[in-house]
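Asks: Chain by chain, the residues run as shown.
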Amino acid sequence: EDSLSAHNMGIDLPPLPYAYDALEPKISKQTLTVHHDKHHAKYVTVAKGMIDGTDLAAKECKEILLEAHKAGNAGLFNNAAQAWNHEFYWNCMKPGGGGKPTGDLLAQIEKDFGSFEEFTKQFDTAGQTAFGSGWAWLSWDGSKLVVDKTIGAGNPMTDGKTPVLTMDVWEHAYYLDYQNLRPDYIKAFLDSLVNWDFVAAELAKVKK
Amino acid sequence: MLRQSLRSVRSVAKAHGARAMSSYTLPPLPYELGALEPVVNTEIMTLHHGKHHATYVANLNAAMEKYAEAEAKKDVAAMIALQGAIKFNGGGHVNHSIFWTNLCAPKDVVAPAEASPELAKMIDAQWGSLDAFKTEFNTKTAAVQGSGWGWLGYDKAAKKLAIATCANQDPLSTTGLTPLLGIDVWEHAYYLQYKNVRPEYLKQVWQVVNWKNVAERFKAASA
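Chains as they are written, first to last, in this note's numbering: chain A, 1 to 208; chain B, 1001 to 1223.
Accuracy of the hints is not assured; some may be wrong.
[To be verified] Dumping the calculated SDA-like pairs for lysine to any residue here, alpha-carbon to alpha-carbon at most 25 Å:
| # | chain 1 | residue 1 | chain 2 | residue 2 |
| --- | --- | --- | --- | --- |
| 1 | A | 29 | B | 1042 |
| 2 | A | 42 | B | 1156 |
| 3 | B | 1107 | B | 1203 |
| 4 | A | 59 | A | 70 |
| 5 | B | 1140 | A | 69 |
| 6 | B | 1066 | A | 122 |
| 7 | B | 1140 | A | 72 |
| 8 | B | 1066 | A | 125 |
| 9 | B | 1066 | A | 124 |
| 10 | B | 1212 | B | 1066 |
| 11 | A | 38 | B | 1144 |
| 12 | A | 121 | B | 1081 |
| 13 | B | 1219 | B | 1114 |
| 14 | A | 48 | A | 34 |
| 15 | B | 1051 | A | 128 |
| 16 | A | 187 | B | 1047 |
| 17 | A | 48 | A | 70 |
| 18 | A | 62 | B | 1145 |
| 19 | A | 59 | A | 141 |
| 20 | A | 38 | B | 1135 |
| 21 | A | 29 | B | 1146 |
| 22 | B | 1203 | A | 75 |
| 23 | A | 42 | B | 1144 |
| 24 | A | 29 | B | 1197 |
| 25 | B | 1140 | A | 59 |
| 26 | A | 187 | A | 99 |
| 27 | A | 187 | A | 95 |
| 28 | B | 1087 | A | 122 |
| 29 | B | 1203 | A | 34 |
| 30 | A | 48 | A | 151 |
| 31 | B | 1140 | A | 95 |
| 32 | A | 29 | B | 1043 |
| 33 | B | 1160 | B | 1128 |
| 34 | A | 38 | B | 1196 |
| 35 | B | 1051 | A | 182 |
| 36 | A | 29 | B | 1140 |
| 37 | A | 29 | A | 191 |
| 38 | A | 187 | B | 1046 |
| 39 | A | 121 | B | 1063 |
Treat the hints as calculated values from the structure; they're not laboratory data.
Given only the sequences and the hints, what does the whole structure look like? Please build it.
Replies: This is how it looks when you write it as C-alpha cells:
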C-alpha cells in the first residue's frame, strides 16, 4: 500500500490516504478538506470533462498529461497534470513522517547530492524559489536523483524524468496554516510529513 | 555585519563609478487596514501589505544591491542571473503599489461615470456596458492559471482600453499597456476569506474599486 502500483490512476478523485485531520498540526483538517475536496476535485472534474468521448478517456492520467503536453493543449495539461500532481502529493505525506530516510534511498541521495543535508537544502530552495504557484520535486533522471521546481501544473515527467517525491507550494497548500511563511511550511514538510517509505518504493520501481 | 557589507558594496560601487544605489520603500496604505471590510478583511490586508508587499520590497533592494556589486565588477553573468529576482520582486512592488491606490473603502466608491465621463463612455463603446466589461474582466481574470493579475490597461498607440492578464508578478508594462486598474488573484489576495472560490472574490471586489484613481490614471495615460 506504500507504492501506487503502476500509477493506474486514471482521472478520478481518490480519497486521501489518511483522515482529514491526520496531518495536524502541521497541515490542518481545514486545509486538507479544501485542498482535496475543492482544488483537487475541480482539476479532476474539469479534466474528465475535457477527455469525455475522446480516445484519451481510456488512458491513464500520466499518458493523458504527456499527450496534452505534446499536443500543446494547455487547458487539458493544466488540469490532468494537477490531478496527477495532487494524488502523488497526498501519497508523499503521512502522519508521523519526515526526518531522514534509510537504506537504499538514503544511499542514493547521499551518492547524488553528497549528503542528505545538501538534498534538503536544494529541495527547500526549490520550494522557496518557485516564484508563484508551483511544485518542488525529487526525480530520477535515468541515472541519478535530481531536484527540480516547476511552475503551475508543471511536472518533470514532461522532461522524461520519474518523480519520486513532490511538495505543493501553491499558496492554497499552506496559506490557511502558515500564511506568507512558506519557509515554515517547507520545514514542516521535511521535518514531519514526508512519507519516505512511499518515496523509497517509487525509487525502487524506477531503478528496476 | 550586513551594514558593513552594504557600506563596502556602496564604496566599491562608487569607486567604479557605478550609479548610486536607490532604495525601494513600502508605500503606506492610503486607508486603515480594515477600510475594505467586509470585501477584503483586516487579516488579509495586514498580511498582504505588511508581509507580502514588504517582502517584495526587501528582496528587490537585496537584488539591486547584488546587481550593483555585479555591475561594479562587470560581471555580466551575475547580472543576468539576477534578472529573474528583479523582475519578480520589482514587478511585485510595482503591481502592489498600484493596487493599493486602485482600492478604497466601499463608502468612498463612486461610479465610473462620476469619476470620468470620458472613461465611462470608452468602456461603454468598447464593451457595451459597465456590466459587460466587468463580466469579461472577471472571466479572464478568474481563468488565470495559478498566480497572476487581471488588468484594465490603456493602449496609448491604439488609444483604446484593453483587458489583459499577467502571470506571477510580471508587470503590465511587459504587454505594452499602461496600467489603470489591477486585481491581484494570487491566492494570498483572497484565500483566507474566499478559499478556493476566486470568482466570488472577483464578484465582490468591485465594491472597493476606486474609480477616481482609475480615472486619474486614465487621464494621465490618455493625455
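Asks: Indicate, hint by hint, whether the structure satisfies it.
Replies: Cross-check of the supplied hints:
no. : hint               : result
1   : A/29 with B/1042   : holds (24 Å)
2   : A/42 with B/1156   : violated (39 Å)
3   : B/1107 with B/1203 : holds (17 Å)
4   : A/59 with A/70     : holds (15 Å)
5   : B/1140 with A/69   : holds (22 Å)
6   : B/1066 with A/122  : holds (21 Å)
7   : B/1140 with A/72   : holds (20 Å)
8   : B/1066 with A/125  : holds (19 Å)
9   : B/1066 with A/124  : holds (22 Å)
10  : B/1212 with B/1066 : violated (39 Å)
11  : A/38 with B/1144   : holds (17 Å)
12  : A/121 with B/1081  : holds (20 Å)
13  : B/1219 with B/1114 : holds (14 Å)
14  : A/48 with A/34     : holds (20 Å)
15  : B/1051 with A/128  : holds (15 Å)
16  : A/187 with B/1047  : holds (20 Å)
17  : A/48 with A/70     : holds (18 Å)
18  : A/62 with B/1145   : holds (20 Å)
19  : A/59 with A/141    : holds (24 Å)
20  : A/38 with B/1135   : holds (23 Å)
21  : A/29 with B/1146   : holds (23 Å)
22  : B/1203 with A/75   : holds (23 Å)
23  : A/42 with B/1144   : holds (15 Å)
24  : A/29 with B/1197   : holds (18 Å)
25  : B/1140 with A/59   : violated (31 Å)
26  : A/187 with A/99    : holds (10 Å)
27  : A/187 with A/95    : holds (15 Å)
28  : B/1087 with A/122  : holds (22 Å)
29  : B/1203 with A/34   : holds (20 Å)
30  : A/48 with A/151    : holds (22 Å)
31  : B/1140 with A/95   : violated (39 Å)
32  : A/29 with B/1043   : holds (21 Å)
33  : B/1160 with B/1128 : holds (14 Å)
34  : A/38 with B/1196   : holds (7 Å)
35  : B/1051 with A/182  : holds (12 Å)
36  : A/29 with B/1140   : violated (32 Å)
37  : A/29 with A/191    : holds (19 Å)
38  : A/187 with B/1046  : holds (24 Å)
39  : A/121 with B/1063  : holds (21 Å)
In this structure, the hints that do not hold are numbers 2, 10, 25, 31, 36, in rising order.
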